Each structure stands twice: as C-alpha cells, then as structure tokens.
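Undergrad: Residue numbers (the UniProt record's numbering), protein chains in the order written: chain G, 1 to 495; chain H, 1 to 495.
Hints are computed from structural coordinates only; laboratory data are not their basis.
Here the structure is a predicted model, which means the values were calculated and not measured.
We put the CB at the ideal spot given by N, CA and C, even for glycine.
Check each hint, because a few of them may be wrong.
Derived SDA-like pairs: lysine to any residue, alpha-carbon spacing no greater than 25 Å straight-line [as the list claims (entries may be wrong)]: (1) H:LYS491 - H:GLY86; (2) G:LYS372 - H:ARG60; (3) H:LYS231 - G:GLN181.
To be clear about the criterion: a stretch of chain H counts as covered by chain G if any three or more of its residues have a C-beta under 8 Å from a C-beta of chain G, and this derived list gives those stretches [claimed, not checked]: (4) 169-175; (5) 230-240.
There are 2 protein chains.
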Amino acid sequence: MASILRSRAGVRAAAQVRCFSSTPRHAAASAFFTNEPAGPTVKTAIPGPKSKEAISQLDRVFDTRSLNMLVDYQKSTGNYIADLDGNVLLDVYVFAQIASIPVGYNNPALLAATKTTDMASALINRPALGNFPSHNWASILESGLLRVAPKGLDQVFTSTTGSDANETAYKAAFMYYAQRQRGGPDVEFSSEDISSTMVNQAPGSPNYSIMSFTSAFHGRLFGSLSTTRSKAIHKLDIPAFDWPRAPFPQLKYPLDQFAAENAAEEKRCLEEVERLIKEFHNPVTAVVVEPVQSEGGDNHASAAFFQGLREITKRNNVLLIVDEVQTGVGATGKFWAHEHWNLSTPPDIVTFSKKAQAAGYYFGNPALRPNKPYRQFNTWMGDPARALIFRAIIEEIERLDLVKHTAQTGDYLFAGLERLAEKYPGQFNNLRGKGQGTFISWDSPQRDAVLKRGKEVGINIGGCGESAVRLRPMLVFQKHHADILLESLEKIVKS
Amino acid sequence: MASILRSRAGVRAAAQVRCFSSTPRHAAASAFFTNEPAGPTVKTAIPGPKSKEAISQLDRVFDTRSLNMLVDYQKSTGNYIADLDGNVLLDVYVFAQIASIPVGYNNPALLAATKTTDMASALINRPALGNFPSHNWASILESGLLRVAPKGLDQVFTSTTGSDANETAYKAAFMYYAQRQRGGPDVEFSSEDISSTMVNQAPGSPNYSIMSFTSAFHGRLFGSLSTTRSKAIHKLDIPAFDWPRAPFPQLKYPLDQFAAENAAEEKRCLEEVERLIKEFHNPVTAVVVEPVQSEGGDNHASAAFFQGLREITKRNNVLLIVDEVQTGVGATGKFWAHEHWNLSTPPDIVTFSKKAQAAGYYFGNPALRPNKPYRQFNTWMGDPARALIFRAIIEEIERLDLVKHTAQTGDYLFAGLERLAEKYPGQFNNLRGKGQGTFISWDSPQRDAVLKRGKEVGINIGGCGESAVRLRPMLVFQKHHADILLESLEKIVKS
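Produce the complete structure using the sequences and hints provided.
TA: The following block contains the structure:
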C-alpha cells in the first residue's frame, strides 16, 4: 500500500487539499493526491521481465489473453497505475479499470471506509438482502446511493454488475408490460400461463422484446447480450433473443458545421424507433439506450434526440431504460449523463455500475415493483460491502466537488485537443464530447499504433469501436494531468 | 460487532477449540464459538415492534415483501441470528442466508481476513481482472479457491453470483460446441456468422440449447432462468429460450424399501435424457444438473444415476455441468457433493457460489477456454475481495476439519430425525439426505405451519418445493445444536 495510506499525516494532508486551481499549470499545491508522481515513468517495455514471469504463472490457471497490464495496486496512486517492473503510467482509460475507478488508486477516504465495523460485518456476514437485510440497510441506502438518485427516481433494486443491473431492469419491464396486458396487478396468472412457463413457452414465457440500438453495449449475459450490438466477437455462438435493433444516429463533426444533416439523421432514427415499436413482431416492452455509446465507438446524440425518444416511448407506453453503467457518476460533467437532456419527465429506469462500484437500477413508478414478492429476487441482491464503498465515493465526490471539477477539466482538455487537431490535420478526426466532461474521444487513422505508442510514453489510453481513441480518466484527473496527456499525444503524432 | 471480535483473547479462545466432541451432549468446552448463547431466546413475535418500524422505513425505498427477518448482524454469533427486538434464533436454514454462510456469523478468522492490506486494496482498487489483474491474483487463486478445486479441474473463470457462474459456463459450452461444429479452434468465423449475429439470428447466434431437469433451479437471469424449472413464479412473464427439460427421478423413501422401483425410475429418466439429446430440435450442448435439487424440493438421486448421466453425456459429446452453487463447500459431508458419485471421469464444468462467497466455474479441459480472447470476458470478472473471503473460509474449514465434522453431525442429526419419524408417524415423511452431511429434509403435512411455529420456539428453518422442510445449517453446526433442533421439532409436532 502506498505510504500515504499508512500514515495519518498523509490522510490529513489529502483532506486539506479541498480546492483545486482553475489555472492550467503543473500546480503541486493543488493536487488532490500529494503523493502522486510528477509524471509517468517508463523503465521497460510493457510487460517487462518481472511482469512476464508473473503473467505466465497466472496463465496456468486463468485466461490472460486479454491481459493489458499486470498491476501492482499497492504501488499505484491517484491517477497513476504501477506495475512490477517499476513502470508508472498516467491512467486515462481502461485505465481506471474500464472506466470503473472514480476517485483514484489508494484514495485515503476510501481506505478509511474499509476500516469500519459496518464494512467488516458486510464482508463476513454477507446478507441475503431480500430475506434478511441488516437493520441499517435503509440508512446505508439513504445516506449513499439514494442520495444521488436521478431526479424523480427514488427507489432502487440492487445487483452486482452492470449486466445484471440491466437484466433485472429488463425483467421489471417485462413483468410491468405483462401486468398491463393482463388487466392490472390484481389479475391472477391463468393456468395456461403457469403450465406454459414451466416449458419455456408462451403465454407464460412470452415473446416480448427489448429494443436497443446499433453499436449498443449493455452487457454479456444472455438477456443483456441480446441487446448488445457492438462487435460480433461479443456475440458469436451465443443464442440470442429475437429482439429489434434501431439505428443510432451517426453524427458528423464538428457538430456546428453539420447541424441540418445531423438533425435529419436523428429524425430518421427516431422515426425508425417508432415504426419498430409499432410493427416489430415481438412486442417491445422497453427501449434501452446509453447516453453516450461507449464500447460501440463513443457515439453521441443530441439532447433533442433523447427528448424525442422520451416522447416516443411515452406515447407508445413503452419504458425508457437509460443505461448509465459507463456514463454515470460524474464523468460527463453531470452526476448522471442524462441530466444533460433536460427531459420533461424522467426515464423510467436508470441502471448503474462501474464507477459506482455497486450496481443496480433506480426507478420511480411504484408499479415497477412486481405485483408479488419473489418475482424480482435472488440470493444476495447486491453486496452491502460495495454499497458502503459507493457511499464513500459519493462523499469524496462531494468533498472535492468532483462533478463540477470534471466539467471544467473536460473543457480544458477539449480545448487542448482542438488545438492539436488544428495543428495536426487528419490525426484527431471527429473530435467529440464537447461539454461532456472528460468523456472525450476522436478517430485516429492509426488508432492501434497510437494506443501502443501511448504506453511507451507513459500514458494508458484505450480504444473503442473501429478507430476511436477514447479517454476515460478518473474524476480526480486534473489540469496538470491534462497537460501531460496533451504533451504525450503531441509526441505520439509527431513521431 | 460481538465482543469476541474486538478482543484478541477472544480470537485466541476460538483458535484453541480445534477439536469437537464426538459424543452427543451439550458440550460447552467443545463449542467452536465460545460466545454463542446456550440456546435461542424469543422475546417477541417476529417481527417485533422495533423491527416493524425499521422495516417500514426500509420499504419506502426497497421492496421488503420477501423480508423474513430484519437482522442485527453485529449481535449475531456463530449459529445464532439476532434481531433488533432481542430475539436470537438458531439459524438452520435460509438461515445462513439462503445457505450461504459457512463458518458462522462474526467468525473471528474471517474478521482477521478483512483487516489485511490485500483486502483493503481489493476493496478500493477493484481491478478489471481480465485486463488488469493484480500481481498477486495468481497466488490468491492458488492459495484459495484453486486449492479446493474439484479433482481433475484445475482452471477457473471467476464471476460474481451463482446465476452468472452458470451463465458463463453455458457460454463456454456454446462456444466449445460451435467450435467443434465449425471444424476446430483455427477455423475462422464466416461472414454470414458475423453479419447474422449482429441481428441475433442463426448461424451467428445459433439455436443451441442447454438441457436441465424438472424442478431444477439454476438462477434467475435470462439464460439461467431458461434452465430453471422450480416454480412458475420464478419464470412468469420473462422470455425464455426453447430449451429441453428432462425428468429428474422421483425416488420413494425409505430408499432400501424401494430399491427396484427407484432403479427403474432412474433408468427411465436417463433414457429420456439420451432421447432428448439425440432428438431435441435445438441442439443440446450441455446438461446442467444439481447434485441435490434444492430449491425444487430437496430431490436426491443415486450415485448410479449420476454415473449414468456422465456416460450418456460423454457418449453423445455433450458437456456435463454440475451446479454446486448450493451443494458445494462441505454441507453434504464432502467438499463438493459430486465427490459422492465416484465418477470415472470428472464433470466438464463445476459451478460454485453461496458458501464460497465468491463465484465462478471450474474446468479442466483447456479447449474450454474460448479460441480467442475477449469472448468470455466482462468488466470485473468477479471480485477479489470475495475471493479473499473464500480463502479465509477454506482455511477455517481446514483448521476445524469442518467437512468431516459436518458428515458426522449430519449422521447424528439424521439418526435423531429417524427416531422422531418413528415416534410421530406421518409428521416426517420421505426423510432424505442420509449420508449427505446436514443436507437433510423431509415432507411435512403442515409444512408452512411448522416453519412459522419454528420461529416461535427459536429455530429458523426453511422450506422448498411444495411440502418439504429443508435444513441448511452452517458447517459449524454441532451436535449440541442438533439436540436443540431435535427438541424444538418435537415440541412443534407435539403441539
């Protein structure tokens, strides 16, 4: 563990740096992490010799073919990720564990949250939350994940991962739709419902569907994978439900130069959404959408598009599920990305995971609780240990005002990238994410080479889709880190 | 937290009681937990007034209709579960959190495991294990969950719950089957595979199936729910795959009196399994089975049945997936329940969760690693914090020799139940689980009344299927607890 975490002095030091500088400079005094290195260190190729040896040991029992870097977490700090060979990289994307580390490695405030009696009990007396919640479960929820619930959504169903957050949300949508078809919550299941469902046939197991969009990513279990449309390799050989896929707008950049064309493209997509809801052969119960399609290539759409989607789903009595697994918890400069849309009525369901470290879905309409107990149920229904970590993350976000901070750092970083794009034509194409915090990406003609070269100069950046470079820094990413990133990117494109 | 957990003296005291008495008596000296109460305390109806108030607070934000008891975990110890109203019950089933607490509430050895640097790092620096495992992940696996891997299975894929352990196992089965159909791991996907899977159609998203049994329970997400056949309420209104269901043997008890009929019943079921493998319209890639069908009513089958199932699956090139989510980790008197079968070749895949506190699947055949990376992948791929807890559980099981202990306590308890069954005819029907540790159950003519009355006399027991009472005590359940349980059951049937 980094030394700051052992010393009380270190904790105090971190607690004192509440404000950050708004001027772009390498300002050590304003650093959130006083023990962060001044910049990356690259000592060996990655993986280096020590890592290679450890990877081959691990590979004997655990598939390592997707391994990106073997990490020494105890030597990682703040925005910097370390390995066994003494390499220390600025962690700007997958980095942060596929966008799932919000407030830095070895954050002292999170460490303090691991030392409580509540945490020890959650770890060793793991409850079946549906049957035997602890007496303080309500207070853990209310002081934690419900305090940041999206506007209008005051209920939660907790789960363990983004995939099962989405799948339990889909189950809620199916039960709600079936209940309305049946004539309300008090109408009993028919004997045909009951006998047919035991052999997986309609009407008990109906051919209902969830609509998703081209290039969407919603998870990799069977229900969520049926809505995932990102890459064939995610889906091949796995049976899938016959559910509809609507086109997601393909916008042209820069947005202000293509306003009319983009508006027409969004209109076309919305018309197709409505047509599919009306005509698809397996009744559509919900539409699921990411505020920014992440795995699928960092595809954005306008607030107007999402407002239109809300109207269409309302008009057709279909639920709108917003998948904030990757976009939630501050990275777009709002706590929830869908706050950018100014909807007149909230989404029906919002799912979360990743940076929350806990997972689940928020909802507001009480009718989305199924009409009987044990319909939406499983053994653990989440993990209170992870709910306690989410609460500590929320407190850290509030203490350091990290959502506003991320909006400002994002604007600063975007401006820097615009300067680079102008200086190096053709290298930073379709730069996108303006006004969306640090949720920034662009298309690169030699994307894979750029990612590889990144590691050599000390930055850990990631790709998505076919040609996009995407940035997913933590919320504690600061302007001096942005400067290092911009300098490194310039070094890469010059070389 | 119970006081023993704060004091080092308490930890030492617990560590000293390594052996347990083999004579049936209320032997305080041999108790695993020195601070356990001598017996249950029932002060109020459950829920009592304080619990009622807390439940209504919780219900505002979290569905409480399946709530069984609001628990004060910090006042719970060993085999005893406490609530806010001063009630302390002997926890013999759901109890133990739907069979998921192995070594007692507030076990000091588990508490010690929460205090390590590794645990703190796992909690605050949660890795994406597929991309960025920690440098000591191999050693955490090898010193923990791989040390107890079923014979012949030396590889693991980690996940977060029983449902996703089963579903990722199913995905492995589908990819393995498709690879053989395609002609081996080096044959590339066709362009038709790639284009069809993006719209969820065959051949890229094939109509393959997983076979399960009547009354099976394998989870509640879309793939696992398609193999679950326990109760309609688990399945209604949720779309399901068209997968086959084979009959699970319905044995008659006592087994020695119905040997010939039971053998014929098992033969009939096996024949139907083989017929379905050969004839079902959606190709069967794997058969999934529980060693004891738990949620479905505690249905047992003989070792010969499972040996036959292994032969049939081998002969037809279909995988055998053994779902040990509820049966694993010692409760049947073997670490893995399928060890009772003495198979000549191991199952292809064994899934685990619950008492392991971590989840995933074991396998041995290297070809069950998909032919390319990122095919079996997700963001977190499990939780190292939970893997560390499983390691501490394994150490505690070994220290106290709890598997052998559970076999012996089970025999003692079963003999006591046989005496009760003889004394109270018609009250303990189809008593089952002989020689299966504490994995014991029976059918009761007034099952729901028995469960309710249990709480009034201080024992927390559970039901399954239509009329079964099932026992799922922890591994630290001792003979003096069995005596209390037997006395309480006698009190209930007499009243």
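Undergrad: So, for every hint listed, does it hold in this structure?
TA: Quick rundown of the hints versus the structure:
1. Proximity of LYS491 of chain H to GLY86 of chain H is assessed by CA-CA distance (about 22 Å); at most 25 Å being required, the pair is judged to hold.
2. Restraint check: the Cα-Cα separation between LYS372 of chain G and ARG60 of chain H comes to about 16 Å, which is no more than 25 Å; the hinted pair holds.
3. Between LYS231 of chain H and GLN181 of chain G, the direct Cα distance comes to roughly 22 Å. Compliance with the 25 Å bound is thereby established for this hinted pair.
4. Only residues whose C-beta sits within less than 8 Å of a C-beta in chain G count toward coverage, and the segment 169-175 of chain H has 4 of them, enough to reach three; the restraint holds.
5. Counting residues of the segment 230-240 of chain H whose CB lies closer than 8 Å to any CB of chain G gives 9, so the stated coverage by that chain holds, three being the minimum.
Figure legend: structure checked against the earlier numbered hints; every hint is met.
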